[in-house]
Amino acid sequence: MMFKGEIRKQSPKNLLLLFQILALLLLLAYEQMHADKMIFIMAMGLILIIYLSNYLLIKISSGDNYIFLIVTMLITIGIIVIYRIDEKLGIKQLTWISLGIFLFFLVYFMVKRLKKIDDWLYLYLVLAYLLFIITFAFGDRKFGAINWVSFRGFAFQPGEITKIVLIFLLASYYSNTEKWRHIKYSSYYIMGVVYSFIALLFLQKDLGTALVFYIIFASIQFIYEEDRKLILYNIGLFLGSGVLGYVLFDHVKIRFQAWLNPWIYIERQGYQITQSLFAIAEGGFFGKGLGMGHPDFVPVVYTDFIFSAICEEMGIFTGIGIVMLFMIFVYRGFKIAISQENRFYRILAIGISTLFGIQSFIILGGVLKMIPLTGLTLPFISYGGSSILSSFIALSILQICSEDMTSREDTDE
Amino acid sequence: MNKEIKRIIIILTVLCMTFISLIVYISYFQIFKASAIKNNSYNKRLWINEQTILRGSILDRNGNVLAYSEKEGDSYKRNYNYGSLYSHIVGYSYREYGKSGLELYYNNSLLNISDSTPINEIKNIVIPNTTGNNLVLTIDHNIQSRARSLIDGKKGSIVVMNPTTGEIYAMVSYPDFNISNLNENWKEISEDMESPLINRAIQGLYAPGSVFKVITAMAALENSSYETQYNCIGSEKIEGYVFKDYEGKAHGPIDLKGALVKSCNTYFINKSLEIGKDTIGKISERFFFNSRIPFDLPVKSSQFPYKEMTTDVEVAAASIGQGKVLVTPLNMALIASGIANEGEVVKPILVKEIVTKDGKVLKQSDIEILSQGINPLGANTIKDMMVEVVKSGTGVNAKIKNVTVAGKTGTAENSSGKNHAWFIGFAPADNPKVAVSIVLEEDGSTGGKAAAPLARDIMLYTIENIKD
Numbered sequence: 058m059m060f061k062g063e064i065r066k067q068s069p070k071n072l073l074l075l076f077q078i079l080a081l082l083l084l085l086a087y088e089q090m091h092a093d094k095m096i097f098i099m100a101m102g103l104i105l106i107i108y109l110s111n112y113l114l115i116k117i118s119s120g121d122n123y124i125f126l127i128v129t130m131l132i133t134i135g136i137i138v139i140y141r142i143d144e145k146l147g148i149k150q151l152t153w154i155s156l157g158i159f160l161f162f163l164v165y166f167m168v169k170r171l172k173k174i175d176d177w178l179y180l181y182l183v184l185a186y187l188l189f190i191i192t193f194a195f196g197d198r199k200f201g202a203i204n205w206v207s208f209r210g211f212a213f214q215p216g217e218i219t220k221i222v223l224i225f226l227l228a229s230y231y232s233n234t235e236k237w238r239h240i241k242y243s244s245y246y247i248m249g250v251v252y253s254f255i256a257l258l259f260l261q262k263d264l265g266t267a268l269v270f271y272i273i274f275a276s277i278q279f280i281y282e283e284d285r286k287l288i289l290y291n292i293g294l295f296l297g298s299g300v301l302g303y304v305l306f307d308h309v310k311i312r313f314q315a316w317l318n319p320w321i322y323i324e325r326q327g328y329q330i331t332q333s334l335f336a337i338a339e340g341g342f343f344g345k346g347l348g349m350g351h352p353d354f355v356p357v358v359y360t361d362f363i364f365s366a367i368c369e370e371m372g373i374f375t376g377i378g379i380v381m382l383f384m385i386f387v388y389r390g391f392k393i394a395i396s397q398e399n400r401f402y403r404i405l406a407i408g409i410s411t412l413f414g415i416q417s418f419i420i421l422g423g424v425l426k427m428i429p430l431t432g433l434t435l436p437f438i439s440y441g442g443s444s445i446l447s448s449f450i451a452l453s454i455l456q457i458c459s460e461d462m463t464s465r466e467d468t469d470e
Numbered sequence: 039m040n041k042e043i044k045r046i047i048i049i050l051t052v053l054c055m056t057f058i059s060l061i062v063y064i065s066y067f068q069i070f071k072a073s074a075i076k077n078n079s080y081n082k083r084l085w086i087n088e089q090t091i092l093r094g095s096i097l098d099r100n101g102n103v104l105a106y107s108e109k110e111g112d113s114y115k116r117n118y119n120y121g122s123l124y125s126h127i128v129g130y131s132y133r134e135y136g137k138s139g140l141e142l143y144y145n146n147s148l149l150n151i152s153d154s155t156p157i158n159e160i161k162n163i164v165i166p167n168t169t170g171n172n173l174v175l176t177i178d179h180n181i182q183s184r185a186r187s188l189i190d191g192k193k194g195s196i197v198v199m200n201p202t203t204g205e206i207y208a209m210v211s212y213p214d215f216n217i218s219n220l221n222e223n224w225k226e227i228s229e230d231m232e233s234p235l236i237n238r239a240i241q242g243l244y245a246p247g248s249v250f251k252v253i254t255a256m257a258a259l260e261n262s263s264y265e266t267q268y269n270c271i272g273s274e275k276i277e278g279y280v281f282k283d284y285e286g287k288a289h290g291p292i293d294l295k296g297a298l299v300k301s302c303n304t305y306f307i308n309k310s311l312e313i314g315k316d317t318i319g320k321i322s323e324r325f326f327f328n329s330r331i332p333f334d335l336p337v338k339s340s341q342f343p344y345k346e347m348t349t350d351v352e353v354a355a356a357s358i359g360q361g362k363v364l365v366t367p368l369n370m371a372l373i374a375s376g377i378a379n380e381g382e383v384v385k386p387i388l389v390k391e392i393v394t395k396d397g398k399v400l401k402q403s404d405i406e407i408l409s410q411g412i413n414p415l416g417a418n419t420i421k422d423m424m425v426e427v428v429k430s431g432t433g434v435n436a437k438i439k440n441v442t443v444a445g446k447t448g449t450a451e452n453s454s455g456k457n458h459a460w461f462i463g464f465a466p467a468d469n470p471k472v473a474v475s476i477v478l479e480e481d482g483s484t485g486g487k488a489a490a491p492l493a494r495d496i497m498l499y500t501i502e503n504i505k506d
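Line by line, the protein sequences are chains X and H. Start counting the first sequence at 58; every next residue gets the next number (this note's numbering). Start counting the second sequence at 39; every next residue gets the next number (this note's numbering).
Rather than coming from a laboratory, the hints here were simulated on the basis of the structure. Here the structure is a predicted model, which means the values were calculated and not measured. Treat the hints with care, since some could be wrong.
Unchecked claim - Quick list of the computed label-pair ranges, beta carbon to beta carbon: (1) K41(H) with L72(X): 35 to 41 Å; (2) N71(X) with K109(H): 52 to 58 Å; (3) E42(H) with Y179(X): 21 to 27 Å; (4) G102(X) with K71(H): 38 to 44 Å; (5) I321(X) with D350(H): 43 to 49 Å; (6) N440(H) with I321(X): 54 to 60 Å.
Where a beta carbon is used, it is the ideal one built from N, C-alpha and C, also for glycine.
Just chain H, with the same shape it has in the complex (with noise of 0.2 Å):
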């Protein structure tokens, strides 16, 4: 073969090489980056079907009607009734403003589109779709305007939960914003410093502070070779930096249980080393840190990067939950339904039933069990703890009269210089109905003293008035 002929051959080569880096390069398109892009709410095609097909109404689970569509001239006007209580949860549908929460999630459940394969689409030029389907949530109207009243004018985050079915009761994060009249306040409501718009129960990553502790304290019972008595006088030092109790306390000779009830932060900085981070990162890897937690609504994941942790003191502040360790409060709310479920960590569920316009149930949320966080024992002997915390302990304004609650306190220190106030818990101990987590962002007080009360009024309104 001549030169003349060898270069013809390399350009013939070059060109087809060019076409085929198309065909794979629309093929890949197609296959992992066309699903994302058609739910943009810059493309129109997404609004068309609003003016033909009813969108579906969000319902809670006592049958109250949250959100829904009605006729206004050629296309549907969507309604929410209670303005700002399902900001979050419900979120919102504007061709403005796009979509968000539910509305963005279950789009096409509440269209009663279905994913496009030839067959649905024949189907569909057959048989034209009018009506979208009802979302069923597992929330309880009356839990969540409890819970959101008890959070009115702080900043922070309440979730309840059925511990042991991982229905959601309620969901709040606040500052929230008024869902029906976007139109008049979105410039004020994107702007605002205070983030209306994150809903803090799944975005937020806080400190959790000595909630954190639960997690401390199975790992140390998984690491049974460890001494549990320790002498605290306040304060420990690790590599020259010192780490002080609360108010610089010292509680004297203690062990585990009484560590944990007296949230003493020098007998888990002391023991963290010997427990090791290993453990405890295995331990919380178990509940869901550093991964994402399935839900119906995006979850950023917990932190706990213990593989990442070099010096001690980083360790040791990871065990008092300061530090590295971030943490939302659905998972804090996921730790304490799993403690309360004899180790059983459930998944948590926002929507029930997702439901034709004939009543026909579609699909059903069931209760999945997503890892065991701990073995039963280890949980049992975590509970009794988590029991003695609320009667003698630093929780004792969550105290509930005939009812024995579990909880544990957290007061974490962040960058704004004001405590995060933490409570996690749940009751009855002995026949667990609902777990909560609440933190109230820079409150500046005490999880014993600020978010303790909350946790006990929500608990005890929830075992109350929930039906199942």
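Same shape as in the complex, but just chain X (with noise of 0.2 Å):
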């Protein structure tokens, strides 16, 4: 029986492999002309790392493996096309993932150790303000939004780590509300530091986290707030700023007016949008053709619209394929938090889920037309180092969420 269940538990990952392998022909058949070693070695590099953490992973963690496996996927068809826009972005993106993977077991093993975690609210708290203080005061202004700190030529977003803070504030907080309750309007208080959050990204016009944050904190409310009526005052308060941000925010009334008709306004606000579709209509069902298609007419295509040159060269089949992949995703990490026993790790889970879930679809939303379009990557798969290490940072403590947290407290204590 043993032998049998180590069997099942491998041949995903051995699939998965035979996938990334194929996945790397194509990349050499579409780059025979200058098929360079370095590459080919580089390439078979991940490969093998891939391959070792899911090996790894399955010694050492009793906890899901499938999360790494699916991640492992996204990445292997983000960095496929992500090379074949842009070579050397490809390489750099080559790094970032080993990096993430590295910072993915460092991760792991640090805050699996770390005790009380659950009790630091206040930590949390800070660190989420300093980041903001970052941002504000080291930050630049790249595609229209301030939330690009750079430090000695290496650029990175602070917003991307601030989710996983705040993910542990509403942790910390709905996990303790028996410690909370000596203060009266506790609850109250933590709406109101979300709020603030949203506001400091709103003027920082980085809409789409605004968005992230928002749907994250209203779920986790939805799900632990014992004061019901204060979910409607969130409904309320989230639909009254909107609309106040409609009225006095310009780059908030241009994104509406793109999204109702983008056409009238190809020139201008329109031309990103329209672009996407262009490209997502050209690729038809199954695509044109990997190195057949023209990603280099969509702006900003290897982040924010790399869903755009995907669906243009591999089709809307692999599309919608990623979007499965990315439900598939979201139902195990919600499936880890209903079997966590601890609820810490619970909210943890729920709330990383939920990061990942409605990221990627505000963005595939977004270059889709079916709402609004607001500059966000798309988890595993959009080119940037922010994103990817703390894609990874959030996918290992989704890691540590599986496993049994309840008997490790109990022999700790």
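The two chains are supplied separately, each in an independent frame; assemble them into the complex guided by the hints.
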């Protein structure tokens, strides 16, 4: 029986290896003119790292071993497309992913060892504000939003880390409601804190992240808030501030108009979204084939609009596949949450699954013109160090959440 | 299950629903919206092909080249041989202004781009496509030139076609614009109040006036129960509204034939209620009112909204082609053809063949009967009446020596205050070779005076010059 279970655990990993090798061959077929030995070695290196990581994970973690496999598929698709668009970025992305996987294990071992992390609410609060202060003090404007901080040639987005801090903050509060009961209106304070984050993001013109913050908060609040009327206040306040934002801020208005009818603003604010629609429409169901499309026509194609490039060259069947991978990921994440007995880790799992779910929905819906477009990266697929690293950190925490944390507490205390 | 788990499952369900909605939306987008979006002229991919594929030529039925491409540096340049003569049929293909006419609607054929199927895509990778296909039109360059010279300086449209095959010999819309130097004149053209960019033959909706009476007359034949005799006193009162004959002239005792020959308004107004709006509506719909005529270029639907006509005055006005009735010149040509063709309405054809560079015919347009507008007996009865219109009625100016011409004039009142002058007809009546539809927009004169002589000229010219 043991042996049989082992095979079952191993086989998806081997299938994935096959998928990656085929994907690599596809890329080589496209790049045959100037196939570089170095790139081949690096790609094989990545496949090896991923294979070993999956192998290792089954050995060391008693938790879920599917989420990392799903993520592997996503990063493989992502890196092929990024490499095809720009070889240099592809190699950089390869580095970020290797670093991300390293960070995944580092965080996994460290955070798992930390005790009482559910008790550090004030630390999380200070950390979140600190990250905002850094953004405002050192931030650069990029693509219309201030969310990049450059340090010695490396640019990173503190907002990516703040998302995780927010989840810790909410988990820490809602897992210890007994402790905070002595403070009257403590739930109102938490809501105030979250709204202050959202307001700050609004000022940075980072509407996508603001929406992600709101949805994470609203979901956790919906599940755990005992004062149910607060949820209604929250929805009302959100709609109110949405309308207010539309009236007050031009950048909100422009995005909304570009969504309603981009074709009349095709030269200006509708340019990005219409180029994205052209790409998706050209791809059809099966795509034009790797290297046969024109991702170079789509602005910021390697980050926000990577999905359009994927649909153009690989078709919407691959596109739908990606959506389904995210859906399965979210499903696994919630399954982890439900089977987790420790409330703090359960909330963490809910928060992180919601984060990946809603962030991918907002950007996918945006590039499809299903909802107004707000700039966000597609987790694990888009190019970018901050996005990849923070996503692996979040994944690592979800991995911890998938393990039985109650038994550990019992033995520790 | 406790409350907490229940709520977690609610959130999970909501998230899954959003993902499913994405899948549904992306499929919907790809099936229903993608093809229109792909052909938007802002899609730069459309122009990438232009640089690598030699766009096909467009020729008339006798092989005259109307449009062709030639290599210029790295890309190809599009040339138009006849300036403004084919501005609405051929249209234009400019990077700056996009595409129109056949250049737009036959873009894929001209560039030899197959529909995007996996097999075609693989084929294209193995043998890259470098030359497009040629279009051979049904247009006769000489007839087109003649029609253009007839309407020069006026406003309106002339459609000349073969009533039995549906081939369009000439289709002129005026004012037009020069397609060979759009760059110099684009601003003027696009801002011109007379809208030269509109193809009036298929996109212009006009009040038909008395030419519509052929439809009413066909409806009258269909409804044999009514009293055909009538005494015309020059005016007719319906629900307190007075309709008058042209210049108030009384025609005296008159039957259906006499009414059509003399274009007696009061006859049709009086009888319209007996004939009934539903019968007129039914006949008009068989001649493609309220629906799209299948054609190589998009045609606006002519309107006879009889279901919305609530008062007798509206029905009466519609019976003589006024009020809510609107029609395209091509549709009127189709009606004339239908009567000429024993009631069979043929599909109008503009693109005769799609031919590869090597002369292989890829697609050929065949004669297609779209509907039986009226039974052959009825068609011949109306034909006889129309022959009489030209022989002794309002259409005498269309008379041709040794050729029997059938026709119907129209003088349509409209909001501009100046009447549209109409003529539809065909010749020779016993063996129709050509059908015409002419509208002179806001001409101010009558159809018999202004439009009939042009019809005479173009029909005669066509009979003498057309080669099958």
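Hints, one by one, checked against the model:
Remark: the range hint 35 to 41 Å for K41(H) to L72(X) is upheld by a beta-carbon distance near 39 Å. Checking the proposed 52 to 58 Å range against N71(X) and K109(H) shows it holds: the Cβ atoms sit about 54 Å from each other. Range check, E42(H) to Y179(X): Cβ separation about 26 Å, and the 21 to 27 Å hint holds. Between G102(X) and K71(H) the CB atoms are about 42 Å apart, so this pair conforms to the stated range of 38 to 44 Å.
In this structure the hint that I321(X) and D350(H) lie 43 to 49 Å apart at CB holds, the actual value being about 44 Å. Range check, N440(H) to I321(X): about 59 Å between beta-carbon atoms, so the 54 to 60 Å window is met.
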